[in-house]
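J.: Chains as they are written, first to last, in my numbering: chain A, 190 to 437; chain B, 190 to 437.
Just so you know, not all the hints are guaranteed correct.
Copies of one chain are not kept apart here, so a pair can be met inside one copy or by any two copies together.
With a straight-line Cα cutoff of 25 Å, these simulated DSS-like cross-link-like pairs (lysine-lysine) come out [claimed, not checked]:
1) K324 to K266
2) K322 to K350
3) K283 to K354
4) K399 to K354
5) K399 to K357
6) K350 to K266
7) K350 to K408
8) K266 to K354
9) K322 to K225
10) K225 to K357
11) K414 to K191
12) K324 to K408
13) K418 to K408
14) K314 to K266
Note that these hints are calculated values from the structure, not bench results.
2 protein chains.
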Amino acid sequence: MKRIMCVVSYDGTNYAGYQIQTNGIAIQAKIQVALKLMHKGTAVQITSSGRTDAGVHAVGQVFHFDTFLSIPSDNWKRALNTLLPDDIHINSVKEVDNNFHARYDSVSKEYRYLVLNSPEPDLFKRNHILHVKDKLDVRAMQEACQWIEGEHDFSAFCSAKTDLKGSKIRTVYQVTCEQQGDQITFIFRGSGFLYNMVRILVGTLIGIGKGVHRPEEMKEMIESKSREKAGITAPPNGLYLWRVRYLE
Amino acid sequence: MKRIMCVVSYDGTNYAGYQIQTNGIAIQAKIQVALKLMHKGTAVQITSSGRTDAGVHAVGQVFHFDTFLSIPSDNWKRALNTLLPDDIHINSVKEVDNNFHARYDSVSKEYRYLVLNSPEPDLFKRNHILHVKDKLDVRAMQEACQWIEGEHDFSAFCSAKTDLKGSKIRTVYQVTCEQQGDQITFIFRGSGFLYNMVRILVGTLIGIGKGVHRPEEMKEMIESKSREKAGITAPPNGLYLWRVRYLE
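This is chain A alone, in the form it adopts within the complex:
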């Protein structure tokens, strides 16, 4: 058996999320259907770096699977993309060590969140960027970003719906907020993120950008460890799992 690692992009708009659940079509299921076809009816289980929610996108999600097939990487890529729907695209395929694990071996993840800050929406991007009408104070949001960096207990920024029993301490390496024209891009790099953490951080940052909260309140919210103190959960449509890094 060979272990194969794939980097995949997907448009999450029409899916109930990455992971197979009881309701709705999952991205994982679509990939497994394609792999089953390639394996002449034998089911193939894939393991990803982690789930993404309904409506959340990926530019560089990573998964692995084991196969008895001997196919060159380029052919894997071509065959899978032919079998996959046009909102899921395999970017690269490579054979990896049999010990490689897409979830446990990841050393950092990057998420990006895109905001269109303009009086009018752009309907062609409505599923791929969050539209915010009110003029946002980018300086204030940038100031607030600093408080997020470092090792913190992010209990205040974790959905109450989580089934996580363990520690809510995570290390965020870098958070940036950049404006280009009327687009604002938030970038989050960290060792890992809690359920809904990036979306609650963005919802809170937008609240700060609107002047509802002061930048320093980000620090207080983190210290409170209380979900009620933080801002709202930003919608999924602006969020992208951008990149997953592994030790080479």
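Starting from the known structure of chain A, fit chain B onto it as the hints suggest.
T.: Relative to chain A, chain B alone:
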């Protein structure tokens, strides 16, 4: 009664086209439902500058209607956008002369067609730009564009499905083809266009860009007046009704 003119953008992806027909949901129907709600159940017929096909988009489609309501333009816009789905957006509303007609009074139309010319598709833009893998020769396409400009009988570039009985002579004022990074934009400005004319022109231009035809063959194809001589009909997803002009 007052006559109201609206400029509307829409994402044609999920519609069977602009105009109400026997099958599928039309953009016109969605707008008329919103207007009926505003008119407390009285049906309101809208008249546009012309139809667009299934999957074709608009940045500046124009329509008019008559109303007994007295509402300031900004409130019209806000109310309609609240009632419309998020893939249809009213850009502007103004009261016009009772003789104004969105179709008969238009003096020119601009269509744009977007092509992503790259080895890999961009799945987030799949409904809004045509992906072409093969490297296109932009110079050759630009050369071919010149032959389209002017007054010609465009029978070779009209769908056989047209119900048009009259003349197929149209005046095209300007055709350009510009590349920016991996995006190629075709712009067509003319007095009017036949059914599928822009899509057949683009299909033919792409054939020239791929080297299937020489640029001068565009001239011969137009002169042939034969649909079989021209290229294929390009898919709808890259096409936008960009602007409709009227005499002020």
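J.: It remains to establish, for every hint, whether it holds in the given structure.
T.: Consistency of the hints with the structure:
Taking the shortest Cα distances, K324 and K266 sit within 25 Å of each other only across copies (21 Å), while inside one copy they are farther apart (43 Å). With identical chains, the CA atoms of K322 and K350 are never at most 25 Å apart, being 29 Å at best within one copy and 44 Å at best between copies. Taking the shortest alpha-carbon separations for K283 and K354, neither the intra-copy value of 34 Å nor the inter-copy value of 59 Å comes in at or below 25 Å. For the identical chains of this complex, K399 and K354 are neighbours neither inside a copy (34 Å) nor across copies (58 Å), given an alpha-carbon limit of 25 Å.
For the homomeric pair K399 and K357, neither the shortest alpha-carbon distance inside one copy (28 Å) nor that between copies (55 Å) is at most 25 Å. Taking the shortest Cα distances, K350 and K266 never come within 25 Å of each other, neither inside one copy (36 Å) nor across copies (39 Å). When the C-alpha separation of K350 and K408 is checked against a cutoff of 25 Å, the pair qualifies only within one copy, where the shortest distance is 23 Å, while the shortest distance between copies is 65 Å. In the homo-oligomer, the alpha carbons of K266 and K354 never lie at most 25 Å apart, since the shortest distance is 38 Å inside one protomer and 50 Å across protomers.
With identical chains, the CA atoms of K322 and K225 are never at most 25 Å apart, being 45 Å at best within one copy and 28 Å at best between copies. Taking the shortest Cα distances, K225 and K357 never come within 25 Å of each other, neither inside one copy (37 Å) nor across copies (52 Å). Taking the shortest Cα distances, K414 and K191 never come within 25 Å of each other, neither inside one copy (44 Å) nor across copies (59 Å). For the homomeric pair K324 and K408, the shortest alpha-carbon distance inside one copy (23 Å) is at most 25 Å, but the shortest distance between copies (51 Å) is not.
Proximity of K418 to K408 under the C-alpha cut-off of 25 Å is restricted to the intra-copy arrangement: shortest distance 11 Å within a copy versus 69 Å between copies. In this assembly of identical chains, the alpha carbons of K314 and K266 lie at most 25 Å apart only when taken from different copies (20 Å versus 28 Å within one copy).
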